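The primary structure of each chain is shown beneath.
Protein chains: 2
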Amino acid sequence: MVPIDRQALNTRIVERGKELYAAIESEKPSLFQEWRWVGKTMGWLLRHEELRTDALRFIDVFPSLATPPILIDHLEEYFGSSVSLPAWLRWTLRHASCGGRLATTVLAKTVHYTMRKLGRQFIIGESANEAVQRLSRIRREGCAFSVDILGESVLSEAEAERYGTLYMDLLKALGPARKEWSPLGAEQKTNDLDWGFHPKFSVSLKPTSLYSQGRPQNFDGSVEGMVARVRPVYEKVLENGGSLCIDMESYQYKDLSLEVFKRLRAEYPAHPHLALAMQAYLLDTDRDLAQLLDWSVSHGLPICIRLVKGAYWDYEVIRARQNSWDIPVFMSKSETDAAFERQALLILKHHPTAFLACGTHNIRSIAAVMEAAKALGVPDHRYEFQVLYGMAEPIRRLLARITGRVRLYCPYGPILPGMAYLVRRLLENTANQSFLRLVFADKMDILGLLAEPSEAASERGAVAGFSGKTDRGPAKEGIHEGCQPGRFLNEPAADFTKKEERSLFAQVITVVRQEMGKVCPLFINGADRTTRDILPSLNPADPADVIALVSQAGKAEVEEAIGAAQAAFARWSKVESPVKAGYLRRAAAWMRSHRYELAAWQIGEIGKQWDQASADVAEAIDFLEYYAREMVRLDGPHALPSPPGELNQYFYEPRGVCAVIAPWNFPLAITTGMVSAAVVTGNCVVYKPSPLTPAIGRNLVEAFRAAGLPAGVFNYVPGRTEVIAEYLINHPWITTIAFTGSTQVGLRIIENAATVRPGQTTVKRVICEMGGKNAIIIDEDADLDEAVPAVLVSAFGFQGQKCSSCSRVIVLDSVYDRFIDRLIDAAQSLPVGPAHDPAFVLGPVCDHQAQTRISGYIDVAAVEGKILYSGKTPAGSNYVPITIVGDIRPEHRIAQEEIFGPVLAVMKVKTFGEALEWANSTRFALTGGVFSRSPRNLNEAKMRFQVGNLYLNRHITGAMVERQPFGGLRMSGLGTKAGGAEYLLHFMDRRVVTENTARRGFSPDLL
Amino acid sequence: MVPIDRQALNTRIVERGKELYAAIESEKPSLFQEWRWVGKTMGWLLRHEELRTDALRFIDVFPSLATPPILIDHLEEYFGSSVSLPAWLRWTLRHASCGGRLATTVLAKTVHYTMRKLGRQFIIGESANEAVQRLSRIRREGCAFSVDILGESVLSEAEAERYGTLYMDLLKALGPARKEWSPLGAEQKTNDLDWGFHPKFSVSLKPTSLYSQGRPQNFDGSVEGMVARVRPVYEKVLENGGSLCIDMESYQYKDLSLEVFKRLRAEYPAHPHLALAMQAYLLDTDRDLAQLLDWSVSHGLPICIRLVKGAYWDYEVIRARQNSWDIPVFMSKSETDAAFERQALLILKHHPTAFLACGTHNIRSIAAVMEAAKALGVPDHRYEFQVLYGMAEPIRRLLARITGRVRLYCPYGPILPGMAYLVRRLLENTANQSFLRLVFADKMDILGLLAEPSEAASERGAVAGFSGKTDRGPAKEGIHEGCQPGRFLNEPAADFTKKEERSLFAQVITVVRQEMGKVCPLFINGADRTTRDILPSLNPADPADVIALVSQAGKAEVEEAIGAAQAAFARWSKVESPVKAGYLRRAAAWMRSHRYELAAWQIGEIGKQWDQASADVAEAIDFLEYYAREMVRLDGPHALPSPPGELNQYFYEPRGVCAVIAPWNFPLAITTGMVSAAVVTGNCVVYKPSPLTPAIGRNLVEAFRAAGLPAGVFNYVPGRTEVIAEYLINHPWITTIAFTGSTQVGLRIIENAATVRPGQTTVKRVICEMGGKNAIIIDEDADLDEAVPAVLVSAFGFQGQKCSSCSRVIVLDSVYDRFIDRLIDAAQSLPVGPAHDPAFVLGPVCDHQAQTRISGYIDVAAVEGKILYSGKTPAGSNYVPITIVGDIRPEHRIAQEEIFGPVLAVMKVKTFGEALEWANSTRFALTGGVFSRSPRNLNEAKMRFQVGNLYLNRHITGAMVERQPFGGLRMSGLGTKAGGAEYLLHFMDRRVVTENTARRGFSPDLL
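Protein chains in written order, with our numbering: chain A, 651 to 1657; chain B, 651 to 1657.
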């Protein structure tokens, strides 16, 4: 192959670009034609940047606004206070929202008309027949197409099946229709192929729309599930003489889609018309593409690649940043453009085996493909151009004229549920860097747009201030001088989209398995201690499986531990804050380098799923890193206002020996949080782990040992609760008790701590997080695509064994049926089994006692309400069926008592106000959630939903350190807010020192 | 009289100034002659500004450093780390502090030598004989003198008497000596008068040195006491043919001194040689001077005025700023200089009746007096010049040469106790604006120094950023919109140096007296309510005197109040923070405009002395103003870190109904603090006042009523503790309990609150301040002039009935005798009697029960230790003698139990470490104090003295809102720190709201 002179090529690309541009200069896509409805709307959006969010949000919620009054309410809520609205619209809106019948009718009709118009712009039709008609017209206009079916998110296997049926129906319509169509760009009408080489229709699909249970951590299982579902559709495509494109959605499914493509391609080696969409904005794509092309060559399997730039940039950035993962996309538009040209070139170079579908509206990118193909001598039938339906008609027409090979990407489906697609397109076209906007609306200088894209990061990243990398490296080892803060960033949990993480984790689980079953000693005053009293800790999924043989502390050992802590306090309390913080950061570093091992212990001892276990370890690291920084921030003395001659200072100081009583459900995270807060503030700790998770508790001993924490500062005393718990709490030397657990136990601790005992010199302080009875409200305009999975994960994640778990869902009447149907379908799809196998989303509950208790509640539920769904459980111990129970009212036990298992009460209400009232009707007030797209109701909830942590439009578990300080009110806790800026204050006392700095009438501040 | 052309006069002044300057240009005062010890020291001080504070502090502490090792320790502590020391001194210091015997001896000797040299510079002699010798020499050199006796502060009548004896002894020596002296500047040697008109000697004295009990609030009594003490000295002066000058000290005694002067002057009309010092830097002096001159004319009593600029500028600024009083001095040097010229001119204008002694070293001021006298034709014998001994020899010589009439102000007394005077002189001469420094050390341009002083505020004030006025006006009435914060400033207590305040207060006491004895109703849900059960509230000084007939709430009324509060909560909790803050600020405004009445109620109902009552009212206003601002600051939502697509917000919210149980000892302040904190955070309050102070509690009802607080938000239920207290606390609707009182009751409340009762939905929170057993440590280098009165006021102020009162004083062995002697003398001097009479510093304790309890402790004290002093008590009820008991050790009850009366335990220790250990040896940890001038020991105390509020080198009561957040540790309280930035947080819950702001992958923060 002739090496390409890049500079010369660029010159030709620019020239070609100019020609292309000149040919369309006078045209405008309908999108920007202001005499059309859609153009008006776009123009308005472009002129009123300040309303763009509200407008897009309104379009998003619009399909759920079932009646004119609801529609008007939302219009009023979104735009009522806006001065940017046209006068007539403001007037109408005001009259409509005051109850004007005529105005309401007119306005509702107008809005509906506009929305359909907008939808029609991008969506080819609402039924298969309508679609076929429109597609025929497109073909008559000389363009090919690929059709894609729009719909709600697929949340369950039932929904996946229905989606599959839609594809089958479409194919049944396309098959016969195709026979009516003349092939495009071909002389011989007898040939059934367009341009002599391509089937006359193409269908695009996302594997996730046909299989609802795809999850990166269960890679092989997910691939198998997807292939199994795509195969029949593919076969139907082949049967009807079409082609198929595997679409690419978000990054988390990228490797799965690649694998599904390869499997299917290999399975049908004779059919080269299987395409895969690849996204140039992904950092991975250069590598992925090279490997795929190699694979194609080495397997002798020609492939098609639809190269696009990628449409989920915002989503990917948000998801990565929220999880502290590396951002998978280029942060600048020009890097993506450069990648697109680079990757197109690579595919064209492989033209003997690889067919390129160039999917872009950018004239520069199109010109680049044309010139590269020319320079490389790629034959016409080895590449084509694709544009989106409704987006760039002038470009489409031009390409059809010049190349003859243009394919329109045509979504079809009911327009209202298709609004999500519409929003994406509107967002794309109103973005500041949208090529179409720049050319057709902003009339930007064409030479600038045709310039060679830079491969260096540039404006977009710079403007937004993001970085693709988190700025925290591992804590430096061996720096005993203390903590070098820097900004706190949440520790990322394992990203199972990465193959390395999956396989490493699987390996480590096997290794740690070998470590299990050994003796677990106490740790007192810096030394291991065994006792004769040994209790085994068991695998909840298999009670015969002993995780550890745990030495049990008796009163003597507890006394010894308290003595060691008290003795260590004299020195530890005087250690400077940055030095104390340094121990925490070193413990964090140790945990970071042992994160797989630590997660593996949780899988074994308490049955956490892979992602849950990994998140728990990350949270433990967060507590260490965050509290380390917090203590440096709180390090005194703090200046108080001081007039001349007086110096007032405020000191935070430790309290003494602190008892930590930890729960089993976040066995490392919550323990580490309480212990590290106590330790870093200068207290010494006696820690009693839950009898269910002593081995995980022991992990913290290792972390602090590795950090070099002085002897006696942290003491670990697993033991029988009935023997040592009250002894520990009531000991006169205990000044502070940190507890997380049930309300019942918490209240007893509070009561015990309030009694002053002989020898006690300090009023005990209790830092206490207790139970919850958490509700999620589903408003009538809720986005069920998000609400259903969020309720699912909130209610059933880790078998509902979180204090933050959702145990009530309060649903507005009008949305009840749709929500419940989808929820049950989704619940039914969840695979249940032991946690070590990542195929399972749910596992057994913590022990037999819990199983019995929860089963008892299910019996109560059946009496009080109506069991709407009861899941299947695998054979083996400690499993409880997922249970959804309807007809529950506030007075029911099921609505009032904490169950701590996978049992969800469903409550039906008439109004949002009633929903809030019911939500607030328990003595608990820990977490809560609302799914609504009504600004007014969201605000109402913000003000009136009385819980410590309220989540709007998302799941209600998984509070992040610093971002979501965690803890409840009423009987749910004392409001101490773990992981927040006020938490450490609870472990400290305050001293004020006032110095008279004046002597003989002179003072340094007046000298 | 010829009107003076000001401009022409100024020209002549400048010319005269130039002449004067030219005549002394080549000379240097010995102070700045670097070949002399004192000049070396001064030069070093001027070169090393950074050490000036330490150097002056070292000189201050030096007299108390009894042995070479202690001296070396202090040198090391003050200068050990300084690099500014000369190399040889650093070397010696290092060797000495490592225990080098020779180095220690050499260094100690060197320091002693230097100090004496420094002292000798300014002090005429150490004994009367030595003084007379030196004074004779001065006269031989052609100068007159006025002699002043230096000494420690006079803290007791015994000390005052000894001071008086010193004056008598001096006069006994001067009388005969004078006969040996030829008159100055007179031809006829037979005339016994200098210059033919002035006695041959002058004595200066401060009235406060002869009478220890002078207090502005007891104006007449103080004047009488002072006159009675000065009279015999004055008579002795007259008898010996001398003259007397009444010196002026700090502003608080200014009016007293003026009055003493006028009384004495009127008493001895035939003797014109009574002088009064007046200070030009006081804002009052223009008025005072004019009035005094008028008085002199109208009474036909010629007078002498020593006009000085004033030497306590720093002290006055510090005192005023610490008390939020208007600063009584000019803030700029030039304003003072202008005032001096103006006032000198006025005196000179009155030369027929007023003699001017011009006391300044400033050549411009001297020239101004000379030229003004010339312009006015004042005869020579109607004015003289005065300079300080040892300060400005060239000027003295020049003035003697030109005018012949120069008097040296000559302090005499033991050099070491005179160090305070030395420090003042060194401070004056090293100040940036010192005239002598500018002329002789800095060699500043003379024309600038001779310029006419500006009367506008200028550099000094501007540089220091002070303002003579506090920047808070009264809260604006009628602004219902809320609180307009501005910076918080403590409310000033009444300044009884002001005649208006004294007389107004006395009047109001009489008026309020008429209001007493009436019915005091409950206040529930915005309305007064009486009950049949009535209990009288009594005057502690006279149990027959009924202050109020108080309706007693029973359980029914408490239930009703709780119900009203609960009902009001629904609305009150939603009121915006600035609006809630507005109610507090209006209540504060009401209190400010009723401050005398409010204080008068305290005098009557609980026996607070004038100043104590006024301070309590000011503190109540502080709480209202401060918490109002705090709530505006805390008003949310507060932003939490949020990645894109997520919005995290932190809200503070009220808890519900709050019970406030208040004490009687700060009956308005503490009540207002707790109630206003609860109210402004959005809670509703049921307030039970102490049965001893229900009428004062009722005052708060009036304040909130005047502020328009909505009904039900604040309810007032006085009642029998045994009937309603537990009912209130245990009520299930009470969410929060704010209590201040004894540890015994506090612990019972904590225990009660920890028990969850039927119907209760929130874990109760207790905000609790309890007892103390507070110690002050007297280190061996303590400044007893400050330590003794501070211990006195801390231990016996308000009869020791403060939780912050000092009840133990821990004294280092080496200083024990001196301290105890002075303490007992001072205690003995305190007048005891009913609080309405401002003559009394101490009054009765709160009631008969308290009297019995405290008397019981005195019996215990007599057994456990040795009664060192037992005061006298007046006839009448509820008095307890001031009791000082020695030989107390930590194990004694008197060292461990809170007595809450005027009983002080004295403990003797060997080392400072032992003192700290003993101080920390109780279960209380509220306040504490240390008097020490050792930087190391002060720092040690700062770190190790475990109390909530530690005070270094000052009294330990009277914590100020904002500056000294108040509250204790261990069994003294829960560390909630009233009046601090964290206090309101205890009355609130925290909610976190997390909103998923992304919809369909787009988020406003990424758009």
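A couple of the hints might just be wrong.
Because identical chains share one entry, a pair is satisfied inside a single copy or across any pair of copies.
To be verified - In silico DSSO-like cross-links for lysine-lysine, where the CA-CA straight-line distance does not exceed 30 angstroms:
(1) 1224 to 1558
(2) 1592 to 1558
(3) 690 to 767
(4) 759 to 1516
(5) 1205 to 1560
(6) 904 to 1148
(7) 1560 to 1224
(8) 1522 to 1205
(9) 690 to 886
(10) 1168 to 1592
(11) 759 to 690
(12) 886 to 1024
(13) 1093 to 822
(14) 1024 to 1522
(15) 668 to 1224
(16) 1516 to 1205
(17) 1148 to 829
Calculated directly from the structure, the hints in this document are not laboratory data. Since the model is a prediction, treat every value here as computed from it, not as a measurement.
Do the hints match the structure? See the list:
1. For the homomeric pair residue 1224 and residue 1558, the shortest alpha-carbon distance between copies (28 angstroms) is at most 30 angstroms, but the shortest distance inside one copy (57 angstroms) is not.
2. Taking identical chains as interchangeable, the C-alpha atoms of residue 1592 and residue 1558 lie at most 30 angstroms apart only when both belong to the same chain, with a minimum of 21 angstroms there against 61 angstroms between chains.
3. In the homo-oligomer, the alpha carbons of residue 690 and residue 767 lie at most 30 angstroms apart inside one protomer (11 angstroms), although the nearest pairing across protomers, at 95 angstroms, exceeds that limit.
4. In this assembly of identical chains, the alpha carbons of residue 759 and residue 1516 never lie at most 30 angstroms apart, being 40 angstroms within a copy and 98 angstroms across copies at closest.
5. In this assembly of identical chains, the alpha carbons of residue 1205 and residue 1560 never lie at most 30 angstroms apart, being 56 angstroms within a copy and 41 angstroms across copies at closest.
6. Taking the shortest alpha-carbon separations for residue 904 and residue 1148, only the intra-copy value of 10 angstroms comes in at or below 30 angstroms, while the best inter-copy value is 84 angstroms.
7. Proximity of residue 1560 to residue 1224 under the C-alpha cut-off of 30 angstroms is restricted to the inter-copy arrangement: shortest distance 25 angstroms between copies versus 60 angstroms within a copy.
8. When the C-alpha separation of residue 1522 and residue 1205 is checked against a cutoff of 30 angstroms, the pair qualifies neither within a copy, at 44 angstroms, nor between copies, at 57 angstroms.
9. With identical chains, the CA atoms of residue 690 and residue 886 are never at most 30 angstroms apart, being 42 angstroms at best within one copy and 107 angstroms at best between copies.
10. Neither within a single protomer nor between protomers do residue 1168 and residue 1592 lie at most 30 angstroms apart by alpha-carbon distance, with minima of 50 angstroms and 50 angstroms respectively.
11. In this homomeric assembly, residue 759 and residue 690 come within 30 angstroms of each other (Cα to Cα) only inside a single copy, at 17 angstroms, whereas the closest approach across copies is 97 angstroms.
12. For the homomeric pair residue 886 and residue 1024, neither the shortest alpha-carbon distance inside one copy (36 angstroms) nor that between copies (124 angstroms) is at most 30 angstroms.
13. Taking the shortest alpha-carbon separations for residue 1093 and residue 822, neither the intra-copy value of 44 angstroms nor the inter-copy value of 107 angstroms comes in at or below 30 angstroms.
14. Within a single copy, residue 1024 and residue 1522 get their C-alpha atoms no closer than 61 angstroms, and across copies no closer than 116 angstroms, so neither meets the 30 angstroms cut-off.
15. Within a single copy, residue 668 and residue 1224 get their C-alpha atoms no closer than 73 angstroms, and across copies no closer than 63 angstroms, so neither meets the 30 angstroms cut-off.
16. In this assembly of identical chains, residue 1516 and residue 1205 lie within 30 angstroms of each other by CA distance neither inside one copy nor across copies; the values are 48 angstroms within and 46 angstroms between.
17. Proximity of residue 1148 and residue 829 under a CA criterion of 30 angstroms is satisfied in neither setting, with 45 angstroms inside one chain copy and 110 angstroms between copies.
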